[in-house]
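> Sequence:
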Amino acid sequence: MDKRFNIFFFLVLTLPLLAAGASVSKAQAGVVGTELWCVAKNNAEDAALQTALSWACGPGAADCSPIQQGGPCYDASDIVVTASYAFNDYYLKHGLSTDSCSFDNTAALTSLNPSHDKCKFPSSLSVSNNGSFSGSTAAVGMGPSEDISGCTRIALHWFWPLITGHMLVVLSRIILER
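According to mature numbering (1 follows the signal peptide of the UniProt record, and there is no 0), the residues represented by the sequence shown are -21 to -1, 1 to 157, in order.
Warning: the hint list may mix true and false statements.
Stated by the list, open to error - When the alpha-carbon atoms are kept at most 30 Å apart in a straight line, the in silico DSS-like pairs for lysine-lysine are as follows:
#, residue 1, residue 2
1, Lys97, Lys20
2, Lys99, Lys20
3, Lys20, Lys72
4, Lys72, Lys97
Treat the hints as calculated values from the structure; they're not laboratory data.
From a predicted model like this one, the values you see are computed outputs, not experimental measurements.
Could you put the whole structure together from the sequences, leaning on the hints where they help?
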């Protein structure tokens, strides 16, 4: 009876941990739970940004109405902010992949919310599986997002080695009782 209980105990602990490990891997890959925005690089040439912006708003079919004159994100003096909005819209509509946030190497993904004043940037979490926006684009929380991705690193650094060690103890106990 004790031997069967140990096997049952081992399986009950192992199966949920394997499932949790898969979700942690997806989260690290940017698939689950990571809020991302595609923004223009600060060090990109203005001419390159303008070319990429023109493409995103033209053939790229990004929604550029918020960055038009009178829109909440209009800022004729800041090409980086203007391009960032268009790049982010394109990124959200085209698969949330790193390829959809390149724009000839003038853009990059960030976990820092670029929203400011009345200009709200939707994040990767505001997109449903079919590529459409879900929910509002209003910022939520206590101000701009900060990079809180260190939580995953802590979990991998401490949690998984402890669980692995525990599993080895349980497995050795099962083997020794045979």
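> Next step is simple, just say for each hint if it's right about the structure.
Each hint, compared with the structure:
Only pairs whose Cα atoms come within 30 Å are accepted, and Lys97 paired with Lys20 is accepted, the gap being roughly 22 Å. A distance of roughly 18 Å separates the Cα atoms of Lys99 and Lys20; the hinted pair therefore holds under the 30 Å criterion. Restraint check: the Cα-Cα separation between Lys20 and Lys72 comes to about 20 Å, which is no more than 30 Å; the hinted pair holds. For the suggested pair Lys72 and Lys97, the alpha carbons sit about 22 Å apart, so the restraint of at most 30 Å is met.
Against the hints set out earlier in the document, no violation occurs for any number.
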